[in-house]
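Residue numbers (the numbering used here), protein chains in the order written: chain A, 3 to 363; chain B, 3 to 363; chain C, 490 to 778; chain D, 9 to 236; chain E, 9 to 236.
These are calculated hints, taken from the structure and not from any lab test. Every residue gets a Cβ at the ideal spot worked out from N, C-alpha and C, and that includes glycine. Possibly wrong hints are sitting among the right ones.
Only part of the chain D face toward chain C is listed, based on derived beta-carbon distances under 10 Å [stated by the list, open to error]:
1) 90
2) 183
3) 187
4) 198
5) 199
6) 202
7) 207
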Amino acid sequence: MIEIEHVSKSFGEKTVLKDVNAAIQDGEIFAIIGPSGSGKSTLLRMINLLEVPDGGRIVVDGTDIHAERRRTLEIRRMMAMVFQKPAAFNESVYDNIAVGLRMRHVPEREIQTKIVDALEVIGLSGYEKRRAKTLSGGEMQRVALARALVTDPAVLLMDEPTANLDPVATATIEDLVLRINREFGQTVVISTHDMLQGQRLAHRIGVLMDGVFSQVGTPREVFALPKNKHVARFVGIENIVSGRIARMSEGVAEIETDFGTTISAVTPLSPGTRVSVCIKPEEITLHLAEYPHTSARNALGGKVARMTAFGPLMRLVVDCGIPISVLITWKSAEEMGLSEGSRVRISFKASAAHVVEDTGA
Amino acid sequence: MIEIEHVSKSFGEKTVLKDVNAAIQDGEIFAIIGPSGSGKSTLLRMINLLEVPDGGRIVVDGTDIHAERRRTLEIRRMMAMVFQKPAAFNESVYDNIAVGLRMRHVPEREIQTKIVDALEVIGLSGYEKRRAKTLSGGEMQRVALARALVTDPAVLLMDEPTANLDPVATATIEDLVLRINREFGQTVVISTHDMLQGQRLAHRIGVLMDGVFSQVGTPREVFALPKNKHVARFVGIENIVSGRIARMSEGVAEIETDFGTTISAVTPLSPGTRVSVCIKPEEITLHLAEYPHTSARNALGGKVARMTAFGPLMRLVVDCGIPISVLITWKSAEEMGLSEGSRVRISFKASAAHVVEDTGA
Amino acid sequence: TGTSDREANLNPSETRTLLLATTTSLYDTGLLDALKAPFEKEYNAKVDIISAGTGTALGYGENGDVDVMMVHDRAREDAFIENGHGIDRRVIAYNYFVIVGPEADPAGVKNMNPEEAFTTIREKGLADPAQVKFVSRGDNSGTHAKEKAIWNGAGFNYTTDITKSGDWYIEAGTGMGATLVMADEKAAYTLSDIGTYLAYKDKIALVPVVSEGEILLNVYSVMRINPEKHPGVNSSLAKDWINYLITPSTQKTIEEFGVETYGEPLFFPAAGNWDTMGVNRSEVEGPVV
Amino acid sequence: MGYIIDGLMEAFHLIVSLDPDVMEITVLSLIVSLTATVVATTLALPFGTAIKFTEFPGKKVLINLIQTLYSLPTVLVGLLVFLLITRHGPLGFAGLLFTPQAMILAQTILILPIMVGLTISALSGVDETIRDTIISLGATRLQFLTSIVREARFAIFAAVVVGFGRAISEVGAAILIGGNIAHRTRVLTTAISLNTSQWEIGTSIALGIVLLAIALVVNTGVTLFQQR
Amino acid sequence: MGYIIDGLMEAFHLIVSLDPDVMEITVLSLIVSLTATVVATTLALPFGTAIKFTEFPGKKVLINLIQTLYSLPTVLVGLLVFLLITRHGPLGFAGLLFTPQAMILAQTILILPIMVGLTISALSGVDETIRDTIISLGATRLQFLTSIVREARFAIFAAVVVGFGRAISEVGAAILIGGNIAHRTRVLTTAISLNTSQWEIGTSIALGIVLLAIALVVNTGVTLFQQR
Ligand SMILES: Nc1ncnc2c1ncn2[C@@H]1O[C@H](COP(=O)(O)OP(=O)(O)OP(=O)(O)O)[C@@H](O)[C@H]1O
Ligand SMILES: Nc1ncnc2c1ncn2[C@@H]1O[C@H](COP(=O)(O)OP(=O)(O)OP(=O)(O)O)[C@@H](O)[C@H]1O
Ligand SMILES: [Mg+2]
Ligand SMILES: [Mg+2]
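Isolated chain A, as found in the complex (with noise of 0.2 Å):
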């Protein structure tokens, strides 16, 4: 178990990390999210002793890491890292990946079984004699994951694996990952700002932001549930309105928004507070302006503003008096024959609002 309590990070006058708590299981993969320069790198770097904290501490399987100087190495043995700017020795492939296990004095001949069947497994098959140094970005990338995973860790720290790679590639490393960690049950630690990785690899994800994490949650809860505005547009729930709570009725609440609007949602905050709703795009119903009423709580009409291609889906922004964005299948956006201009109506439950306290900031 890794428990990270209370730690603090700053570099000059700048303070990375202020405060920042979790307890990540063996055998669980953690996702950590956050902006850029929110210190996720930071925050892995402790993790493999690279880096002290200022204050707090890190205990790895009931050892302050940072304090038994003596176990340092035994510890770090037990760990590797995949460095978000992956260095590579002047040396062959063969010879970056085997770094870690001549440290450790496998025998030549283990060595290269082992590294004959990584350099297969992250598609670099002969790869084996090239000069390290002349890799593509992708490749190094893989060659980096090869020299950590052959070491065959208890902890595996990820930083941005996959940020080089593209999606097919991305999708054997994960596979890979997922493989390890259900077989031999190794801790994962991962860092990536790819939303749907986080979403694929991760048991839990924690939202590092400001200094804090933010939020930690399953995937689920992080992504629809998000405990802050910040946390909800960090995620990409682009739809946040900022109002009141007027007040209660039959358990839901009317939330008065700073735009005139009225918003209905499920919320155990009480009258009188300031709150922001956040509506997943994906939640909003669409129809032509003059479908007959529906039995959601909350409708607003509107006229699309833009159309974009978001992947398989369609992403519309709806001008309602805010920018309501809408993601809907291209195929009924084909059968509704919307085009930008089109007249239409927005609707969504009152339980797809997700209604967050503001807290300042």
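Given chain A's structure and the hints, the job is docking chains B, C, D and E with the ligands onto it.
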């Protein structure tokens, strides 16, 4: 205009580019996508005169750039490149961004204004005095972009410029690129492994595979009508079924798949041709098994084998003899009460099945 | 043990070794090489010669790092012996210093006596330093000591009248050879031991202008390092070496040395010439016991 | 140990008393060696950069030869320069022999190979990505040179310090070319040699300490400069 | 120029004829300087690594002092070693004066600062990410040392070549400590000095060329070794 004509390149024994051809228009945003190691960076580096083609030529505004050595500097100065592994000069962030301007003898006062503006745009205001070597991965990537942009290049080359950025920062950068492209008519050549980014940004996309552009076209063309099954697989079309055109009836081909089922599809190919049928997961409609038959030509029964989150959507793998991926909204999944093991029917229109000829390999 | 030979310590089967320190000008004549071969054979020993500046050579001696010392600077030898470092000095040979200068002899000192010549050079040098110059060893070597003696003999105070008196007087601070080369380059006068001059004669354009005069006498001696002060020096072999040098046959070798190469002898044997050199007879002929 | 203590005391005394003779030779040492270092650096930077970043046949051999010249004995350099500037030599007309200028020439020749070699070595330490970035940003040849040198500045300063160290500590060429003439071409090393040959060990050590002291001052200056 | 041509001819003759005297002093030169280089390298690698990768107060000052010692005049080193090993010196009992062993000692001391300094410089050229990677992979102290040195090997070999060059070309210490005794402590540089003092310029140049020739051989060996 950048004309890439029969360009080839080998490193030692390894042929990376065989015969690359493309014409990139002035003011166009051209995205290069392709698997890791396919030569995207190499191609960009050749346009930037950092690498010399073994064969073929690259013509920029009528000049064969690798032949006219006298004009090298002039040509380089009309371009700017953002490297995949951005290099930081061992100086402050300010000095890092100023390099290109100082080379062009821009007055220091103007440099200062430009840098302050650029830092503002990339979200790193106040970073002027930071040692660039200590920046986080994403911060450095943005600084490298600023370094390129401040020189006001006519051609902007970007090698996976947002690989290390979170979606929010990515969106900022993309907006920036779109804006300068619109406002100043800058030509942009970008390599990316982010399919959505290709879709969002590019006017046209070139798919680099096996040393050639397998397909060049608008995002819609590339993603909806991939030229062959490799491109199809690469752009994320998960359902690719091999078969043979058995007969044509009423302009619709009956394709006998290698798995026994028959698929109806629209195609100009003639009977007897071996083909792959590509069906995008989002084009497939999913019903509970008891649902009355639809008008769709193709309908198959099966069982839900796996359900996984896919961002705003849910991805199901339905076992219909062959595994078929289907994307549906969380809402419909919920409404239908789906779970792993549920018996379902999938259907798709004949026009939704994209047929490509199988040409060996 | 009294004669704990360091060579023997390193390699017991090796022959005994005598460490001999000497000044460069003597070593460079090749005389010592000529003398050591028969000695090595006769005494089944090895003679290792260290050549250095007079000061350095004496320095090695003061520290007891060598067994035998051969220099030509009586004043400093006396001090050395007085301080108890050296004993059993024997004079083995002598010759004369020469004042050399450009063929054209711009100061016109040819055939003057040394003191007169020096006086004239100084006078003309002060008047026209572009034409008349003097290069001094300037290194407190035996030769330099002699030069100072001549200046004194001519009635000058060396430090006040000569050094820093003008551009004509060049204090080189190097070896004899380098000084000769410098004098040649600058068409200047200088004082040289005859051995070095003869060795350089073909390479430079300087000619002897004054070679006679008592004050030019140059006496070479040998002494051993005092084993009481420096236990461990190879004392017995050192005695053998000194005695070997004063034997008539060795003296004859000294007398003949160089004739073949230079057409004239480089040294006069000490034997029988104690008067000329102004030393005691015992210092020339008395065997060391 | 006595000598060393003597030497230290004497050095201290010479330094605080600003002994005029010592001052004179110290200043000359500094002038000669600093000038030689500056000249050699000025030559080594473009040469080194050209060799490093140009591909030509025999490049490896050339680098090997340059490295071989690290072993150039100072006396040999002295001799070669002597033959060049002696009255009868090709440059004899200039009357350079036994002048500080000639010593500068000799020391420049002496340290040039090591400065070129270490410059190449320093530039090799610069990441290729930095090189690409400089070129890509549209550098002229000169801008490329200055940018890359700037990036390698720590290693280049190390090379400069090595060059200066070799120049100021060498004696073979200085004595042969300068002649160790008092008040004219006597520098610290030739003075140390002279004192040693006179077995003035205390003074030799004192002068050695003076030499190291000025080297310390120069290096501190260089270090502060490079950290600007 | 005549002398140079004479020197070249004589060098050629000396080399092809395998002149036994020249062979002897060449071999001794090689043994002394190579040994000193090896010893200094063996010391410089751990020292340099320790200094580079440990933070301690006064680190910058220490590095500055080490760089200052690049300027150590060879004569001064000779004197200090002399005072150490002279009969009445602290190590006098060992009888090291006028032996090749003592010359090795002196040359080791002479080149140690430059080798430590250039090792530090070489290690500074290694990217921090490489350093982190080595540590992260679970290196022991020794493994860290060998890995980082391996990664910096080109720059370290450059340092070795500099050290060897300085060792084999120095004469001040060799002559004071070795005494330039024929068949015992005469090495190439002391022989060159001797010949120069006898104005045998042709022979001096010839010996200088021989010296450069063996430096070439050594450097080529090192180059080939490092490219393995
Ligand atoms: N040595 C340093 N000196 C000053 N600031 C530093 C230093 N190292 C890191 N930082 C700053 O600390 C912050 C956190 O850096 P870190 O690399 O952990 O971010 P990150 O979350 O991994 O970002 P990214 O997603 O861009 O990789 C950044 O703003 C970075 O600029
Ligand atoms: N100097 C070189 N020697 C040998 N092979 C090289 C060299 N440089 C590049 N390659 C190979 O050329 C291929 C193309 O490299 P390139 O960097 O262009 O790929 P890429 O498409 O940008 O990949 P990625 O998406 O991983 O960045 C890679 O397989 C790479 O290993
Ligand atoms: Mg990071
Ligand atoms: Mg690439």
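Hint check results:
Hint status for residue 90 of chain D relative to chain C: holds, with the closest Cβ pair at about 8 Å, below 10 Å. Proximity of residue 183 of chain D to chain C holds as hinted, the smallest CB-CB distance being about 6 Å (cut-off 10 Å). Hint status for residue 187 of chain D relative to chain C: holds, with the closest Cβ pair at about 5 Å, below 10 Å. Taking 10 Å as the C-beta cut-off, the interface hint given for residue 198 of chain D holds, the closest approach to chain C being about 7 Å.
Here the hint on residue 199 of chain D is kept, as its CB sits about 8 Å from the closest CB of chain C, short of 10 Å. With its C-beta approaching chain C no nearer than about 5 Å, residue 202 of chain D sits inside the 10 Å limit, and its interface hint holds. Taking 10 Å as the C-beta cut-off, the interface hint given for residue 207 of chain D holds, the closest approach to chain C being about 4 Å.
Checked against the numbered hints above, the structure violates none of them.
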